[in-house]
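Colleague: Sequential numbering from 1016 applies to the sequence shown in this note's numbering.
What the hints contain is simulated information worked out from the structure, not anything from laboratory work.
If you're wondering where the values come from, they're calculated on a predicted model, not measured in any experiment.
Quick reminder that beta carbons are idealized off the backbone N, C-alpha and C, glycines included.
One or more hints might be untrue.
[As the list claims (entries may be wrong)] Pair ranges (Cβ atoms, derived):
1. K1032 to I1084: 17 to 25 Å
2. V1067 to D1030: 31 to 39 Å
3. A1042 to P1086: 28 to 36 Å
4. I1054 to F1096: 35 to 43 Å
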Amino acid sequence: KFTNMYYGTWMVAADDKPKTAMKLVCAGEEERVVGLHVIGMGADEMLQGYGVALKMGCTKADLDATVAIHPTASEELVTMFPWGLSSQISGAKTPPLNGAGPPEPSIPSSDS
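Full structure from sequences and hints, please.
Modeller: Okay, structure coming up:
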């Protein structure tokens, strides 16, 4: 569980800060993300963005390769242990800051 860095106009003891719980559900050898559970502050806002990623077929490796937005509860989903169990098959395999060239579009082949 992630403890939100909740700052407001009221003093809140660390143990009283709201908690956020998250779970990724991955399937298959490529660890395709097929489900995502979030409960806590800001869950509604987080799920909208991750919903797009799931519709696009993201994998655990894609989330692992994402730069986390800090400090947010949402960063926990892209830094969730364990890392590196599957190879990255989509997304930016080489970060642009490390000299990656422009992305080359690819069209998935249809076997039907």
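Colleague: So, for every hint listed, does it hold in this structure?
Modeller: Results of checking the hints against the structure:
Here the CB-CB span from K1032 to I1084 is close to 19 Å, well matched to the stated 17 to 25 Å. Here the CB-CB span from V1067 to D1030 is close to 35 Å, well matched to the stated 31 to 39 Å. A C-beta distance of roughly 31 Å is found between A1042 and P1086, which places it inside the suggested range of 28 to 36 Å. Our hint of 35 to 43 Å for I1054 and F1096 is violated, since their Cβ atoms are close to 19 Å apart.
Checked against the numbered hints above, the structure violates only hint 4.
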